[in-house]
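Asker: Given next are the chains, with one letter for each unit.
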Amino acid sequence: MPDYNLRIIIPEIFLFCWAIVVILSDLGSKRKSPQTIGYLTMAGIAVTGVLLYFFRGGISFNNMFQSDTLAVFFKVIFLGSAFMAVGSSFGITNERIKNHRGEYYGLILFSTVGMMFLSSSSELISLYIGLELTTIPLFVLAAFYKDDKLSVEAGLKYFVVGAFSSAILLYGLSLLYGLTATTDILTMKINLALLFLKFGKIGPGFILAMVMIIAGIGFKLALVPFHMWAPDVYQGAPTPITAFLSVGSKAAGLVALLRIFVNGLWSFASDVMQPLDWGIIIAVLASAAMILGNIAALRQTNIKRMLAFSSIAQIGYVMVGVVAADEMGVTSAGFYMFIYLFANMGAFAVATVFGDQTGSDNIISYAGLSQSSPLFAAGMAVFMLSLAGIPPMGGFAAKYMVFAAGIQAGYTWLVILGLLTAVVSLYYYANIIKTMYFAPGESTIRINPSFPAKLVLLLGVVGVIIFGIFPGPVLEFARETAGVFGF
Amino acid sequence: MEMVANFISDVSANPLFYLLAFVTIASALCVVTLKNIFHSALCLILTLFSVAGLYILLHAEFLAVAQVLIYVGAVSILLIFAIMLTSQLASRKIVQSNEQVTVAIFVCFLFLLVSIGSLFNTYWNGINAPLPDNNILTIGILLMTDYVLPFEVVSIVMLAALIGAIVLAREERS
Numbered sequence: 001m002p003d004y005n006l007r008i009i010i011p012e013i014f015l016f017c018w019a020i021v022v023i024l025s026d027l028g029s030k031r032k033s034p035q036t037i038g039y040l041t042m043a044g045i046a047v048t049g050v051l052l053y054f055f056r057g058g059i060s061f062n063n064m065f066q067s068d069t070l071a072v073f074f075k076v077i078f079l080g081s082a083f084m085a086v087g088s089s090f091g092i093t094n095e096r097i098k099n100h101r102g103e104y105y106g107l108i109l110f111s112t113v114g115m116m117f118l119s120s121s122s123e124l125i126s127l128y129i130g131l132e133l134t135t136i137p138l139f140v141l142a143a144f145y146k147d148d149k150l151s152v153e154a155g156l157k158y159f160v161v162g163a164f165s166s167a168i169l170l171y172g173l174s175l176l177y178g179l180t181a182t183t184d185i186l187t188m189k190i191n192l193a194l195l196f197l198k199f200g201k202i203g204p205g206f207i208l209a210m211v212m213i214i215a216g217i218g219f220k221l222a223l224v225p226f227h228m229w230a231p232d233v234y235q236g237a238p239t240p241i242t243a244f245l246s247v248g249s250k251a252a253g254l255v256a257l258l259r260i261f262v263n264g265l266w267s268f269a270s271d272v273m274q275p276l277d278w279g280i281i282i283a284v285l286a287s288a289a290m291i292l293g294n295i296a297a298l299r300q301t302n303i304k305r306m307l308a309f310s311s312i313a314q315i316g317y318v319m320v321g322v323v324a325a326d327e328m329g330v331t332s333a334g335f336y337m338f339i340y341l342f343a344n345m346g347a348f349a350v351a352t353v354f355g356d357q358t359g360s361d362n363i364i365s366y367a368g369l370s371q372s373s374p375l376f377a378a379g380m381a382v383f384m385l386s387l388a389g390i391p392p393m394g395g396f397a398a399k400y401m402v403f404a405a406g407i408q409a410g411y412t413w414l415v416i417l418g419l420l421t422a423v424v425s426l427y428y429y430a431n432i433i434k435t436m437y438f439a440p441g442e443s444t445i446r447i448n449p450s451f452p453a454k455l456v457l458l459l460g461v462v463g464v465i466i467f468g469i470f471p472g473p474v475l476e477f478a479r480e481t482a483g484v485f486g487f
Numbered sequence: 001m002e003m004v005a006n007f008i009s010d011v012s013a014n015p016l017f018y019l020l021a022f023v024t025i026a027s028a029l030c031v032v033t034l035k036n037i038f039h040s041a042l043c044l045i046l047t048l049f050s051v052a053g054l055y056i057l058l059h060a061e062f063l064a065v066a067q068v069l070i071y072v073g074a075v076s077i078l079l080i081f082a083i084m085l086t087s088q089l090a091s092r093k094i095v096q097s098n099e100q101v102t103v104a105i106f107v108c109f110l111f112l113l114v115s116i117g118s119l120f121n122t123y124w125n126g127i128n129a130p131l132p133d134n135n136i137l138t139i140g141i142l143l144m145t146d147y148v149l150p151f152e153v154v155s156i157v158m159l160a161a162l163i164g165a166i167v168l169a170r171e172e173r174s
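Protein chains in written order, with my numbering: chain X, 1 to 487; chain H, 1 to 174.
Careful, some of the hints might be misleading.
Said to hold, decoys possible - Some chain H residues judged to face chain X by a derived CB distance under 7 Å, without partners named:
| # | residue |
| --- | --- |
| 1 | A60 |
| 2 | F62 |
| 3 | Q67 |
| 4 | V68 |
| 5 | S118 |
| 6 | T122 |
| 7 | W124 |
| 8 | P130 |
| 9 | D146 |
| 10 | L149 |
| 11 | P150 |
| 12 | V154 |
| 13 | I156 |
| 14 | I163 |
| 15 | G164 |
| 16 | V167 |
To be verified - In the BS3-like style, the derived pairs of lysine-lysine whose C-alpha atoms are separated by at most 30 Å in a straight line are:
| # | chain 1 | residue 1 | chain 2 | residue 2 |
| --- | --- | --- | --- | --- |
| 17 | X | K157 | H | K93 |
| 18 | X | K98 | X | K32 |
| 19 | X | K149 | X | K32 |
| 20 | H | K93 | H | K35 |
| 21 | X | K149 | X | K98 |
| 22 | X | K454 | X | K32 |
| 23 | X | K434 | X | K454 |
| 24 | X | K201 | H | K35 |
| 25 | X | K157 | H | K35 |
| 26 | H | K35 | X | K149 |
| 27 | X | K189 | X | K98 |
| 28 | X | K454 | X | K146 |
Read the hints as simulated data drawn from the structure, not as lab findings.
All values derive from a computational prediction rather than experimental measurement.
By construction, the Cβ of each residue, glycine as well, lies at the ideal position given by its N, Cα and C atoms.
This is chain X alone, in the form it adopts within the complex:
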């Protein structure tokens, strides 16, 4: 009889119920109280975080739900990105989507529940279902500006690419099931080892399955060459949703990749499939992401498109940690994602508020911002410096950790490439700062963020600076997640 320990899925159950509460209370108040619904959602996410602290640890549902440190660490990232996305949404829910506020917040919460389930599953079926629950609400959220052609295009594009990549992933997963007759990742590894001992080889079906899984997850992560959808979707979607996509859903893809590959099938594959080394495949994808993301970002004039390409490059840096695939690698990838959460959500929050109040997403419109709204401009500068990896911001510590892990694992060429592209990235991040501070600006509008947006910006700035100067506690937490893989 399997163990149904409901205690450890209380945070997920609560967040799901809260999504229903949010939708119903929006309907109940006849959609008249925009602020209340937003605060209600933020409170729900915060309470889920508290519940997560009290109800963690343990395995339930026949190994389908694991509340280990890896899951808890990533759930903190998911909840953080949902909290910050909701906090920066108050402007658009007041104006552009006032007919569907409850559904907007509700779908964000549904997607977060999906990410939380995904990060807890070490079994292919629940992993896949979690991934679907993550992405299906995001298709709708990307198309939420129904009167805007770009947004509808974004939704449709994301839907088609998302469905296609899910199909590829599912095909890969079903091949793995055919090979091993189990869906549990650890049992799968044992069965593969038995097959290998029995026959001396496994065969190309395994390679085919692995390639399809990497491609499927690569689409979700917007890894080059599976990134072509990202710029259009990021530009067209409502800006808080773009932020949520670029942090939350990428962290979800990352945790799926870690669960399936690190010390699971990957280490096994590298032992068996000589001379084919899986690290090399991911390393090539990572270097393509760093090169293409950074170079394409140089030419962008729209802030959302620039941040889209920048996030493609950033995920390339995370992949350097994944390539290392040892204690340091997993630690650094998790830590990088944690810092990226604050810096990227913060940068998108700035873009959201700026877009709401000036109606422009062009980088050139930021000229003179340092005179009209000095604090706001300073916040953006902090986020840009962190994304570029300048000390003492968190981005520096994160890049340092990732590169150290890469060198330790013997991928010196990848780290050198990473350093070179980081220098390139400095150009376009610094360009924003230059525009805000030194360009002759006609911008006279004083940007005045709403209270929740201020909270999000403050959270971002404090997170980036505090964890940049004192990375210790988070690093320790991230190191514990590596323990899940037996390091």
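Starting from the known structure of chain X, arrange chain H on it as the hints suggest.
Answerer: Below, chain H alone, put in the same frame as chain X:
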């Protein structure tokens, strides 16, 4: 490797297999080549139906029933409704391919070769497992015991999709 060969000879011993395989491939080709989208939709139903037949030959009765209920029943009706409700779509001539068609055929063919090659050169553990006496009963019990969590999460996925569809389809009053 003998496992795969044995398995294939088991399935192909049944003459029905050839009929179903032929109908599946022919109707699938029609789906992607016909000029009228309504005819394509009808051919798609035939494809899905014959795939359900193949599932029965493979002793996957539950999958076959689900295929008929969901794809042949619900999805195809939806498809036809969508075509009928879109003005003039049913009568218009459409071209289903663009200048990439040769590349696409080449890539698909390559993928087919790779799939077949790996099918015959791999040890598939899944084939060895004996079938339970009552397939559908076992699936039902598993869904309610071992796999109850993903089974329940699917209902949240449905709810999210439902809410999303309503939001997108609803006409805005301003």
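Asker: Could you run down the list of hints and mark each one as holding or not?
Answerer: Hints, one by one, checked against the model:
About 12 Å separates the beta-carbon of H/A60 from the nearest beta-carbon of chain X, more than 7 Å, and the hint is not met. Restraint check, H/F62 versus chain X: the minimum CB separation of about 15 Å is more than 7 Å; hint violated. Proximity of H/Q67 to chain X is violated relative to the hint, the smallest CB-CB distance being about 15 Å (cut-off 7 Å). Using the Cβ-Cβ criterion of 7 Å, the hint placing H/V68 at the interface with chain X is not satisfied: the shortest such distance is roughly 20 Å.
Here the hint on H/S118 is kept, as its CB sits about 4 Å from the closest CB of chain X, short of 7 Å. Taking 7 Å as the C-beta contact cut-off toward chain X, the hint placing H/T122 at the interface holds, the least distance being around 3 Å. Hint status for H/W124: holds, given a least beta-carbon distance of 5 Å to chain X, under 7 Å. Violation of the interface hint for H/P130 is found here, the shortest Cβ-Cβ separation to chain X being roughly 11 Å, above the 7 Å cut-off.
Residue-level restraint check for H/D146 holds (minimum Cβ-Cβ distance to chain X is 5 Å; threshold 7 Å). Of the supplied interface hints, the one on H/L149 holds, with its beta-carbon coming within about 4 Å of a beta-carbon of chain X, less than 7 Å. The closest approach between the C-beta of H/P150 and any C-beta of chain X is roughly 4 Å, which is under the 7 Å cut-off, so the hint is satisfied. With a least beta-carbon distance of about 6 Å to chain X, the hint placing H/V154 at the interface is held under the 7 Å criterion.
Taking 7 Å as the C-beta contact cut-off toward chain X, the hint placing H/I156 at the interface holds, the least distance being around 6 Å. Restraint check, H/I163 versus chain X: the minimum CB separation of about 6 Å is within 7 Å; hint holds. At its closest, the beta carbon of H/G164 sits 3 Å from a beta carbon of chain X; the interface hint therefore holds under the 7 Å criterion. Of the supplied interface hints, the one on H/V167 holds, with its beta-carbon coming within about 5 Å of a beta-carbon of chain X, less than 7 Å.
Between X/K157 and H/K93 the alpha-carbon distance is near 25 Å, which keeps this suggested pair within the 30 Å criterion. Between X/K98 and X/K32 the alpha-carbon distance is near 9 Å, which keeps this suggested pair within the 30 Å criterion. The suggested pairing of X/K149 with X/K32 holds, with an alpha-carbon distance near 27 Å, which does not exceed 30 Å. Between the alpha carbons of H/K93 and H/K35 the distance comes to roughly 5 Å, so the proposed pair stays at or under 30 Å and holds.
Distance hint between X/K149 and X/K98 is fulfilled; the C-alpha atoms sit about 18 Å from each other, no more than 30 Å. Restraint check for X/K454 and X/K32: the C-alpha separation of about 23 Å stays at or below 30 Å, so the hint holds. Distance restraint check for X/K434 and X/K454: the Cα-Cα separation of roughly 23 Å lies within the 30 Å cut-off, and the hinted pair is therefore satisfied. Proximity of X/K201 to H/K35 is assessed by CA-CA distance (about 48 Å); at most 30 Å being required, the pair is judged violated.
Taken as a hint, the X/K157 and H/K35 pair is honoured in the structure, with Cα atoms around 25 Å apart against an allowance of 30 Å. A threshold of 30 Å between alpha carbons decides the hint, and for H/K35 with X/K149 the separation of about 28 Å falls inside it, so the pair holds. Only pairs whose Cα atoms come within 30 Å are accepted, and X/K189 paired with X/K98 is rejected, the gap being roughly 50 Å. For the hint linking X/K454 to X/K146, the alpha-carbon distance of about 28 Å falls within 30 Å, and the restraint holds.
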